[in-house]
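K.L.:
Sequence:
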Amino acid sequence: MQYVKFETDDKAMATMFGDEPPNHFKKTPILEEYTHPLHPFTVGISGKPCSASSWCYSTVLEKLFVKKKTPVTFDVSFSQPLKGTLKLRIMLVYSNTQYAYNSITRCQDDISKDGAKDYKFKEHVVRCLNPEALYAGRENGVNFEDRLAILVDLNNGGSQNLEQTQQTVPVSLEFLCQNSCPTMERRGTTLVFTVENERGHLLGRKSISVKICSCPKRDMDKDEKKATGRESNKNKRKHGEF
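Under the numbering used here, read the sequence shown as residues -3 to 238, first letter to last.
Please keep in mind that the hints were generated in silico from the structure rather than gathered at the bench. Do not rely on the hints blindly, as some may be mistaken.
In silico PhoX-like pairs for lysine-lysine, Cα to Cα no more than 20 angstroms straight-line [claimed, not checked]:
{"hint": "1", "residue 1": "64", "residue 2": "118"}
{"hint": "2", "residue 1": "218", "residue 2": "63"}
{"hint": "3", "residue 1": "44", "residue 2": "213"}
So the derived label-pair ranges between C-beta atoms look like this [stated by the list, open to error]:
{"hint": "4", "residue 1": "22", "residue 2": "79", "range": "24 to 32 angstroms"}
{"hint": "5", "residue 1": "196", "residue 2": "222", "range": "34 to 42 angstroms"}
{"hint": "6", "residue 1": "115", "residue 2": "28", "range": "28 to 36 angstroms"}
{"hint": "7", "residue 1": "93", "residue 2": "19", "range": "15 to 23 angstroms"}
{"hint": "8", "residue 1": "181", "residue 2": "213", "range": "20 to 28 angstroms"}
{"hint": "9", "residue 1": "58", "residue 2": "136", "range": "26 to 34 angstroms"}
{"hint": "10", "residue 1": "162", "residue 2": "104", "range": "41 to 49 angstroms"}
{"hint": "11", "residue 1": "34", "residue 2": "214", "range": "39 to 47 angstroms"}
{"hint": "12", "residue 1": "210", "residue 2": "21", "range": "34 to 42 angstroms"}
{"hint": "13", "residue 1": "18", "residue 2": "131", "range": "17 to 25 angstroms"}
Treat the numbers as computed from the prediction; the structure is a model and nothing was measured. From the three backbone atoms N, C-alpha and C, an ideal C-beta is built for every residue, glycine too.
Between the sequences and the hints, there should be enough to build the whole structure, so can you do that?
P.N.:
Here it is, written out as structure tokens:
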């Protein structure tokens, strides 16, 4: 999760106070991280970097490798405003901008195995274990507001704080399909977290690369070797190249 920039221009301030319409709703989701200057926002993964064989987080790649149906808890830290309410939106999108207009849904095979054909939110790859979570979007949604997503209230039922304070809310997620499923076709995926106020205006965006696979540790080691060049050097030695 890399810090990118602060937006401190007049437009950002207008958005903060509700004077600017949430135009990102009518656009495809983007991965660029954004932190409002008055609203610090971070997302981290709770637990050890590699938890048994269920999930691993690579600090080298800034990427989560996780088994299907394995709960992972994300610590979402944010600054409560003096007035108004906040909500967290979570969606899974393709990492490559080439597929920016493609939505991500569950494959029919996994839906059938789970007996979820009649489940109202069966198309969602990401499931939230927080009891107050809501599901939004539609199967073929393209724009931000129409994408399959999870909404989590960050206000303990909409209560207002008397002073601005930093808070952390644990959000537990699990993934119901793998990247190798027919609907994703082994494409890279990214989990996008956004904080919005009651008008839908964007106050922060964080993204974490995610690979849902059967062997997280193996895939992480393989991808790290490839990224650092160790794998290519190993292949050169095999072929007598030095």
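K.L.:
Take the C-beta atom of residue 210 and the C-beta atom of residue 21, compute their distance, and say whether it sits inside 34 to 42 angstroms.
P.N.:
Between residue 210 and residue 21, where Cβ atoms are some 36 angstroms apart, the hint holds.
K.L.:
Just to be careful, I want the Cα atoms of residue 64 and residue 118 compared with a cutoff of 20 angstroms; is the pair within it?
P.N.:
Cα-Cα ~15 angstroms, so holds.
K.L.:
Within 28 to 36 angstroms or not, the Cβ separation of residue 115 and residue 28?
P.N.:
33 angstroms, holds
K.L.:
May I ask you to test the hint 20 to 28 angstroms on the CB atoms belonging to residue 181 and residue 213?
P.N.:
The hint (20 to 28 angstroms, Cβ to Cβ) holds, given that residue 181 and residue 213 are roughly 24 angstroms apart.
K.L.:
For residue 34 and residue 214, compare the CB-CB distance with the range 39 to 47 angstroms and indicate the outcome.
P.N.:
About 43 angstroms separates the Cβ atoms of residue 34 and residue 214, which means 39 to 47 angstroms holds.
K.L.:
Given the hint of 26 to 34 angstroms, is the C-beta distance from residue 58 to residue 136 inside that range or not?
P.N.:
30 angstroms, holds
K.L.:
Do the alpha carbons of residue 218 and residue 63 lie within 20 angstroms of each other, as the hint requires?
P.N.:
16 angstroms, holds
K.L.:
Please work out if residue 44 and residue 213 have their alpha carbons no farther apart than 20 angstroms.
P.N.:
Holds. Residue 44 to residue 213 sits at ~13 angstroms (cutoff 20 angstroms).
K.L.:
Given the hint of 15 to 23 angstroms, is the C-beta distance from residue 93 to residue 19 inside that range or not?
P.N.:
Cβ of residue 93 to Cβ of residue 19: about 19 angstroms, so the range 15 to 23 angstroms holds.
K.L.:
Taking 24 to 32 angstroms as the stated bounds, is the beta-carbon spacing between residue 22 and residue 79 within them?
P.N.:
26 angstroms, holds
K.L.:
Falls inside 34 to 42 angstroms, the C-beta gap from residue 196 to residue 222?
P.N.:
Holds, since residue 196 and residue 222 (Cβ atoms, about 40 angstroms apart) stay within the stated range.
K.L.:
Range first: 17 to 25 angstroms. Now tell me if the beta carbons of residue 18 and residue 131 are that far apart.
P.N.:
20 angstroms, holds
The earlier numbered hints are all upheld by this structure, with none contradicted.
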